[in-house]
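Enquirer: Taking the hints into account, I'd like the entire structure generated from these sequences.
In order, the protein sequence lines correspond to chains V and A.
Residue 24 in the UniProt record's numbering sits at position 24 of the first sequence, with consecutive numbering throughout.
Residue 78 in the UniProt record's numbering sits at position 78 of the second sequence, with consecutive numbering throughout.
Keep in mind that the hints are not guaranteed to be accurate.
[As the list claims (entries may be wrong)] Once the Cα atoms are required to be at most 25 Å apart in a straight line, the calculated PhoX-like pairs of lysine-lysine come out as:
id, chain 1, residue 1, chain 2, residue 2
1, A, K331, V, K331
2, V, K417, A, K417
3, A, K431, A, K417
4, A, K417, A, K331
5, V, K331, A, K333
6, V, K417, A, K191
7, V, K191, V, K163
8, A, K163, A, K198
9, A, K333, V, K417
10, V, K150, V, K4
11, V, K333, A, K417
12, V, K198, V, K163
13, A, K4, A, K431
14, A, K431, V, K331
15, A, K331, V, K431
16, V, K333, A, K331
17, A, K333, V, K333
18, A, K150, A, K191
19, V, K417, V, K331
20, V, K331, A, K417
21, V, K333, V, K417
22, V, K4, V, K431
23, V, K431, V, K417
24, A, K150, A, K4
25, A, K333, A, K417
[What the hints assert, rightly or not] The following residues of chain A were derived to be distant from chain V, with all beta-carbon distances above 10 Å:
id, residue
26, G72
27, I91
28, E453
Derived from the structure by calculation, the hints contain no laboratory data.
Where is the CB? At the ideal position from N, CA and C, for every residue including glycine.
Number of protein chains: 2
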Amino acid sequence: MRQKVYVEGSRPDIQVPFAEVHLAGDNPPVRLYDTSGPGSDPEVGLPRMRQAWIDERGPGERVTQMHYARKGIITPEMEYAAIREGLDPEIVREEIATGRAILPVNVNHPESEPMLIGTRFLVKINANIGTSAVSDSIAAEVEKLQWAVKWGADTVMDLSTGKHIHETREHIVRNSPVPIGTVPLYQALEKVNGDPVKLTWEVFRDTVIEQAEQGVDYMTVHAGVRLAYVPLAANRVTGIVSRGGSIMAAWCLAHHTESFLYTHFEELCEIFARYDIAFSLGDGLRPGSIADANDEAQFAELRTLGELTEIAWRHDVQVMIEGPGHVPMHKIKENVDLQQELCHQAPFYTLGPLTTDIAPAYDHITSAIGAAMIGWFGTAMLCYVTPKEHLGLPNRDDVKAGVIAYKIAAHAADLAKGHPTAQAWDDALSKARFEFRWEDQFNLSLDPETAREYHDETLPAEPAKTAHFCSMCGPKFCSMRISQDLKEYAAKGMAEKSAEFVESGGKVYLPVVG
Amino acid sequence: MRQKVYVEGSRPDIQVPFAEVHLAGDNPPVRLYDTSGPGSDPEVGLPRMRQAWIDERGPGERVTQMHYARKGIITPEMEYAAIREGLDPEIVREEIATGRAILPVNVNHPESEPMLIGTRFLVKINANIGTSAVSDSIAAEVEKLQWAVKWGADTVMDLSTGKHIHETREHIVRNSPVPIGTVPLYQALEKVNGDPVKLTWEVFRDTVIEQAEQGVDYMTVHAGVRLAYVPLAANRVTGIVSRGGSIMAAWCLAHHTESFLYTHFEELCEIFARYDIAFSLGDGLRPGSIADANDEAQFAELRTLGELTEIAWRHDVQVMIEGPGHVPMHKIKENVDLQQELCHQAPFYTLGPLTTDIAPAYDHITSAIGAAMIGWFGTAMLCYVTPKEHLGLPNRDDVKAGVIAYKIAAHAADLAKGHPTAQAWDDALSKARFEFRWEDQFNLSLDPETAREYHDETLPAEPAKTAHFCSMCGPKFCSMRISQDLKEYAAKGMAEKSAEFVESGGKVYLPVVG
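Expert: Here it is in C-alpha cells:
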C-alpha cells in the first residue's frame with residue numbers, strides 16, 4: 001500500500017511529503033521522494049504554503065535563496081528541500097551559496113514545494129507543456145500539469161505560444177506544487193505579431209515583469225546567442241533548432257547588432273533578484289542532429305553562458321545552464337565536463353540528449369539513453385522528451401510516457417553516481433520480487449498501475465498474485481523458486497545436506513497451483 | 001518509398017537484400033541493412049537458399065565456418081554477410097578465424113540469411129519467443145517470429161517450455177530467415193518430467209542432437225555453472241535468476257558432483273562441429289538485481305566460460321558468451337572489459353542490462369539504456385527485453401516494443417563505436433527533417449507507420465505533410481524555417497544583406513497554410 005506521510009521540520013509549518021510504501025511481513029516501509037503535491041481544484045488553486053516564510057523575510061531588492069545562503073541563513077525552503085533529499089540543511093545552504101545548486105522559488109509562487117537542482121542531489125526531471133496555435137485549451141494544459149506531476153515531474157515548463165498565454169500561465173502557476181519555468185521570448189514575440197525583427201528590449205522586459213508577477217520560478221533566456229555566433233550555425237545539417245535561438249538569431253541579423261538580451265543582461269538580473277527567479281540560460285545554438293553535436297556554434301555560446309553566470313551571481317541570482325539536444329553517446333561526457341568548467345559548476349539542465357536521429361515516435365527512448373548517461377556524468381536536471389517529439393503535440397499518454405522514461409533515466413543516474421539513498425529502492429523491489437510479494441513489487445514500481453495490469457494480462461486470477469511463480473516460466477519451472485530452495489539449502493550447510501535435498505527434491509518443483 | 005533490392009555477389013546465387021529508401025528531389029537513395037527475409041507461408045516454410053552452398057562443401061566432421069575461415073576459405077555465407085555489412089569479405093573471414101566474430105548457420109537450416117555477430121560489425125539484436133505451460137499456440141509463436149523479424153530482430157531464440165516443443169521449433173526454423181537459438185536444457189527437463197535431479201548427460205545429449213537435426217543455429221549451454229560456484233550465489237538478494245543456471249545448480253547440489261555439461265563439454269563440441277552449431281555459453285549466475293551486479297559468482301563463472309571457449313575453438317566450433325542482466329551504469333564497462341579479456345575476445349551477447357530495478361512494465365527502457373552503453377563498449381549482440389519482463393509473457397505489441405527499443409540501442413552503439421556506415425542514416429533523416437520532407441522522414445524511420453500516425457494525430461490533412469512547419473510550433477513560429485532562411489541569408493554574405501533581410505523579414509514568418 002502507498003500512503004502520503006509528512007515529516008516535520010524544525011518548525012511545525014515545515015511539513016515535507018513522502019510516498020510511504022508499506023510492505024508485507026516484517027519488511028520495513030520504504031519512503032520515496034514525492035512530487036505529487038497536495039492536489040488542487042483547478043478553479044481555486046493550491047494553498048499558499050510558503051506565504052508565511054516569504055512574509056517573515058520582508059520585501060527587498062534581493063530576496064533570493066542565494067542571497068540568504070551566502071549570508072549563512074538556512075531558509076525554511078532550504079530545510080524543506082534538505083529533508084526531501086535526506087541531507088543536512090547546511091549542505092543545501094552551501095551548495096546554493098556557491099551556485100552549484102539552485103532552489104527555484106519565485107516569491108509570488110507560494111504554492112510551490114521547495115526542491116533542489118544540483119549535482120549533489122537527486123537528478124530531477126522537467127516536463128514541458130503548453131498551448132500552441134493549433135491546440136489551445138487551458139483546461140487540457142492544467143490537466144497535463146497535474147498528470148505530469150502525478151507521475152513525478154519535478155518542474156514543469158509552460159511553453160504556451162497560442163492565444164490566452166497570460167491566462168493559461170495563471171492557471172498553471174496557481175495549480176502547481178512544482179516550480180514553473182517559461183520562455184518569456186515566446187510571449188514577447190506574440191506581442192509584436194510574431195515578427196522577431198520588431199522585438200525590443202522594452203517589450204521583452206515588460207513580459208518578464210508580467211510573468212514574474214504571476215510567480216514563474218525560472219525563465220529561459222537565450223542571452224548567449226550573440227551576433228558573431230550566428231554564422232557558425234549556417235553550415236549545419238539542421239541549423240538552429242531552438243525556437244528562442246532562431247528568433248534571436250533573426251533579430252541579430254536583421255538589425256546587425258548585438259542581442260538585446262546580452263546587452264541588457266544586468267537589468268534582467270536586477271528584475272530576477274527582486275522576485276527570486278532563477279535563470280535557465282538557454283542553449284539557442286544546441287545541435288538538432290547527430291551531425292551537428294559538439295560543434296563550434298554550440299561551444300561558443302556555452303563560453304558566453306559561463307560569463308553571464310558570473311554576472312548573475314554578482315546579483316545573487318540563481319542560475320542553471322541548458323544543454324543539448326542530439327549527441328551520440330561518445331560525445332556526451334565532453335558536454336558535461338565543458339559545461340562544468342566554463343560555467344563554474346552551475347547546474348546543467350539538458351534536453352535528453354537523443355543518441356540517434358533514426359527513431360521518431362520513440363524519442364523518449366533514444367533520449368532516455370542519453371539522459372541517463374548525462375545525469376550520471378553530473379547533469380542536475382533532465383528535460384523530458386515525449387514520443388511525439390518532432391512529430392506533434394504530446395497528449396496525456398505521451399506526457400506520462402515521457403515522464404516515466406525520464407524518471408528511469410534520473411534514477412539510473414542516481415544509482416550510478418552513488419546518491420546515498422538511491423539503491424535502497426531497487427533493493428526493496430528486488431527483494432519483493434525474489435520473495436514473490438507481487439503486491440509489494442507493484443506498489444514499489446514507478447508505475448504500479450501498469451505493472452499490475454501487465455501481470456494480470458497473463459495470470460488474472462487473484463490467487464496468482466500470491467503464487468510463488470509467474471507466467472514466464474509457469475509453476476514447474478521457476479528459477480526464483482529453485483534459487484530460494486538453494487538458499488535455504490546452502491544455509492543448512494552443503495555437504496551433509498545433499499542426501500536430504502535429493503529426497504525433498506521432487507517436492508520443490510511441484511506446482512503450487514494448477 | 002521503401003523497396004527491397006538485391007546486391008549480387010561473386011556468383012549469381014548470392015543475392016543480398018537491402019531496404020532501399022527513395023527520397024524526394026535529388027537526394028540519393030539510402031540503403032538500410034535488411035533482416036526482413038523473403039516472407040514465408042507458415043505451412044510451407046522458406047526456400048532453401050543456402051542448400052547448394054552446403055552441398056558443394058560436402059559432409060564432414062567439421063563443417064563449421066570457423067573451420068573454413070581458418071583454412072583461408074571465404075564461403076558464400078561469409079561473402080553474403082560481408083556485403084550486408086559493407087565490408088571486405090577478407091575481414092569477415094579473419095574475424096571468424098580468430099573467433100572474434102561468429103556466423104551462426106546450422107547446415108540443416110538452409111533457409112537462413114547469413115549474418116555476423118562480432119565487435120567489428122553492426123551491433124545485432126535477438127528477440128526471445130516461445131510457448132510456455134500457460135500459453136502454447138504454435139501459430140502464435142510463428143507469427144511472433146515473423147513480427148520480430150519484420151521489425152528488425154537479427155536472431156530469434158525459441159525458449160519454448162510447454163507442450164509441443166519439438167513441433168513448435170520445427171515450424172519456427174522452417175519459417176525463419178534469421179538464425180534460431182535455443183536452450184536445449186529446457187526440453188531435456190521436460191523429458192524427465194521437470195525434475196532437474198533426474199537429468200543425465202544422455203538425455204541432454206540426445207536433445208541436442210534432436211535440435212541439431214532440425215537446424216538450430218546456436219544453443220545456450222550453461223556449462224560454466226560449476227558445483228563450487230553455487231554457494232557463491234546463496235547470499236545474493238535475488239539468488240540465481242537464470243532458469244538454466246538454477247536447474248544446473250540444483251542438479252550439482254543434489255548429486256554433489258560436477259556439472260555434466262562441464263565434464264562432457266568436449267563431446268558437445270564434437271556434435272556442434274558436425275552441424276556448425278555455435279555455442280552461446282550461458283551465464284547461469286548472472287545478476288538478477290542491481291544489488292547482485294559484478295559479484296564473485298558472476299565473474300567466477302565468466303572465467304570458466306573463457307576456458308570453455310578455448311576448448312570449443314580447438315574443435316573449430318564458433319562461440320559467443322552470454323552476459324547480464326541487471327547492472328548499474330557505472331559497472332557496465334567492467335563487464336565487457338573482463339569478458340573480452342577472460343574469453344579471448346569471443347563475441348559478447350548480453351541481456352540488456354537493466355540499469356535499475358524500479359520500473360517493471362518499462363524494462364525495455366531500463367535495459368535499452370544499458371544495452372546501448374554495453375554495445376558501445378564492445379558487446380556484439382543485445383538480447384531484447386520487453387515491457388512484460390518480470391510480469392508476464394510478451395504479446396505481439398510487446399515483441400515490437402522490445403525490438404524497436406533494441407534497434408535504437410544497437411544503432412546508438414554503432415554511432416558511438418564509429419561503425420563506418422552508421423551515421424549516414426541519421427544524417428539522411430535529419431536532412432529530410434530540416435527540409436520538411438515529411439514522407440522521407442517517415443520512410444527513413446525505424447517505424448514509419450507509427451511516425452506517420454503520430455504526425456497525423458495533430459495535423460491529419462494531406463497538405464500538412466508538405467507544409468514547411470509542424471504542429472509543435474505552428475506556422476508562425478517554426479525555428480527550422482527561420483533557420484533555413486538564415487542559411488540562405490548567410491550564403492549570400494552577411495553584412496551587405498542585412499538591409500534586404502529586414503525588408504523580407506515579414507514574409508519569412510507568414511503562415512504557409514491556414
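Enquirer: Each hint: holds or not?
Expert: Do the hints match the structure? See the list:
no., hint, result
1, A:K331 with V:K331, "holds (20 Å)"
2, V:K417 with A:K417, "holds (24 Å)"
3, A:K431 with A:K417, "holds (22 Å)"
4, A:K417 with A:K331, "holds (19 Å)"
5, V:K331 with A:K333, "holds (17 Å)"
6, V:K417 with A:K191, "violated (48 Å)"
7, V:K191 with V:K163, "holds (11 Å)"
8, A:K163 with A:K198, "holds (19 Å)"
9, A:K333 with V:K417, "holds (15 Å)"
10, V:K150 with V:K4, "holds (13 Å)"
11, V:K333 with A:K417, "holds (15 Å)"
12, V:K198 with V:K163, "holds (19 Å)"
13, A:K4 with A:K431, "holds (23 Å)"
14, A:K431 with V:K331, "holds (21 Å)"
15, A:K331 with V:K431, "holds (21 Å)"
16, V:K333 with A:K331, "holds (17 Å)"
17, A:K333 with V:K333, "holds (15 Å)"
18, A:K150 with A:K191, "violated (34 Å)"
19, V:K417 with V:K331, "holds (19 Å)"
20, V:K331 with A:K417, "holds (11 Å)"
21, V:K333 with V:K417, "holds (14 Å)"
22, V:K4 with V:K431, "holds (23 Å)"
23, V:K431 with V:K417, "holds (22 Å)"
24, A:K150 with A:K4, "holds (13 Å)"
25, A:K333 with A:K417, "holds (14 Å)"
26, G72, "holds (35 Å)"
27, I91, "holds (22 Å)"
28, E453, "violated (8 Å)"
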